[in-house]
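Throughout, the working numbering is defined as the position within the sequence shown, counted from one, plus 1.
Since the hints were derived computationally from the structure, they do not count as laboratory data. Keep in mind that a hint or two might mislead.
[Stated by the list, open to error] Quick list of in silico lysine-lysine cross-link-like pairs, DSBU-like style, CA-CA up to 35 Å:
hint : residue 1 : residue 2
1    : K218      : K110
2    : K210      : K199
3    : K218      : K171
4    : K133      : K199
5    : K171      : K27
6    : K127      : K27
[To be verified] Computed Cβ-Cβ distance ranges for the label pairs, DEER-style:
hint : residue 1 : residue 2 : range
7    : K133      : A33       : 15 to 21 Å
8    : Q119      : L166      : 24 to 30 Å
9    : D168      : P62       : 18 to 24 Å
10   : K127      : T197      : 37 to 43 Å
11   : P120      : G216      : 15 to 21 Å
12   : D150      : E22       : 37 to 43 Å
13   : E172      : M215      : 38 to 44 Å
14   : K27       : E198      : 30 to 36 Å
15   : K27       : G217      : 33 to 39 Å
16   : E203      : G53       : 37 to 43 Å
17   : E172      : A50       : 38 to 44 Å
18   : D48       : E172      : 33 to 39 Å
19   : T16       : L166      : 34 to 40 Å
20   : M215      : E32       : 34 to 40 Å
Positions of the beta carbon are idealized from the N, C-alpha and C atoms, including for glycine.
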Amino acid sequence: MNLQHAGIGMTSARTRGRMIERLRTKGIRDEAVLAAIGNVPRHLFVDEALAGRAYDDVALPINYGQTISQPYIVARMIEVLRNGRQLGRVLEIGTGCGYQAAVLAQVAKEVYSVERIQPLHERARKLLRELKVRNVILRYADGSTGLADVAPFDGIIMACAAPVLLDALKEQLAIGGRMVLPLGTAEQFLYLVERTEKGFRETRLDAVKFVPLMGGKQ
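Produce the entire structure from the sequences given, and follow the hints as far as they go.
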C-alpha cells in the first residue's frame with residue numbers, strides 16, 4: 002500500500018495512534034488487525050468535507066444511502082474472521098468505498114470484494130489502484146449470491162445486513178472457514194458462522210446496525 006498518497010495532518014502517527022488506542026480500549030486485541038487499520042488512510046475513503054472526522058470511531062455517509070463502517074466494527078469483524086490465523090482467500094460483500102477491503106488486504110492473501118452500486122465500485126477501484134493495493138479483486142455484481150466461480154473462501158465478511166443467513170454464501174465457505182455478518186431487519190446482530198466437516202455452527206455476537214442487503218445491480 003502506497004502511504005505516500007495519504008496526505009498530511011490527519012494521517013499523522015499521533016492521530017492514528019489515538020484511534021488505535023481507542024480500539025484497544027474497546028477490546029480489540031489482534032495486533033495484525035490493529036496494525037492494518039492504523040496503516041490505512043481512512044480520510045481518503047470519505048468525502049473531503051468529512052475528512053476531519055475520518056479517525057473518529059463513527060460510521061460516516063459515502064452517498065447512495067451507504068456508509069463507511071466505524072473503525073471498531075471493522076476491527077471487530079476482521080478480528081473474529083481471522084481468529085488468530087493467516088487468511089487465504091476472502092470474500093467481502095459490499096465494497097462500499099473500499100476501506101474495509103484495504104484493511105482486509107493486509108491480513109489476507111487475496112480479497113474478492115463485490116459491490117452492486119456502480120459509482121461506488123468505480124470509485125473504490127480508482128482509489129485502491131492509486132494506493133497500490135494489488136491483492137484486492139473488485140467485482141460489480143449482486144453480492145447476495147456470492148462469487149461461486151472463485152469459491153471456496155477461507156473467510157466471508159458482509160458489510161450489509163441480510164434478513165436471514167443466505168444458503169448461497171454458506172455453501173461458498175471452505176471447510177474450516179469462518180463467515181462474519183450482520184443479520185436481521187429492525188433488530189440486527191453480528192453472527193459468526195463456522196463450517197466444519199460435520200456442518201455449520203452459528204454464534205450470535207454483538208447488537209449492530211447496518212444498511213440492508215439489496216439484490217440486483219444499480
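Evaluation of the provided hints:
1. For the hint pairing K218 with K110, the CA-to-CA distance comes to about 27 Å; that is within 35 Å, so the pair holds.
2. For the given pair, K210 sits about 31 Å from K199 by alpha-carbon distance, which is consistent with the 35 Å threshold.
3. Only pairs whose Cα atoms come within 35 Å are accepted, and K218 paired with K171 is accepted, the gap being roughly 22 Å.
4. Using a Cα cut-off of 35 Å, the hinted pair K133 and K199 is violated, with the two alpha carbons roughly 40 Å apart.
5. Straight-line distance between C-alpha atoms of K171 and K27 comes to about 30 Å, which keeps the hinted pair within the 35 Å bound.
6. For the proposed pair K127 and K27, the alpha carbon gap of about 33 Å is at most 35 Å, so the pair holds.
7. In this structure the supplied range 15 to 21 Å holds for K133 paired with A33, their Cβ-Cβ distance being about 20 Å.
8. Our hint of 24 to 30 Å for Q119 and L166 holds, since their Cβ atoms are close to 27 Å apart.
9. Judged by the Cβ atoms, the range 18 to 24 Å given for D168 and P62 is violated: they are separated by roughly 32 Å.
10. Hint check: K127 to T197, Cβ distance near 40 Å, so the stated range 37 to 43 Å holds.
11. Taken as a hint, the range 15 to 21 Å holds for the pair P120 and G216, whose Cβ atoms sit roughly 18 Å apart.
12. Checking the proposed 37 to 43 Å range against D150 and E22 shows it holds: the Cβ atoms sit about 42 Å from each other.
13. The supplied range of 38 to 44 Å is broken by E172 and M215, whose beta-carbon atoms lie about 21 Å from each other.
14. Our hint of 30 to 36 Å for K27 and E198 holds, since their Cβ atoms are close to 35 Å apart.
15. Our hint of 33 to 39 Å for K27 and G217 holds, since their Cβ atoms are close to 36 Å apart.
16. Our hint of 37 to 43 Å for E203 and G53 holds, since their Cβ atoms are close to 40 Å apart.
17. Roughly 42 Å separates the CB atoms of E172 and A50, a value that falls within the hinted 38 to 44 Å.
18. In this structure the supplied range 33 to 39 Å holds for D48 paired with E172, their Cβ-Cβ distance being about 38 Å.
19. For the hinted restraint 34 to 40 Å between T16 and L166, the CB-CB distance of approximately 38 Å keeps it satisfied.
20. With their beta carbons about 35 Å apart, M215 and E32 fall inside the hinted range of 34 to 40 Å.
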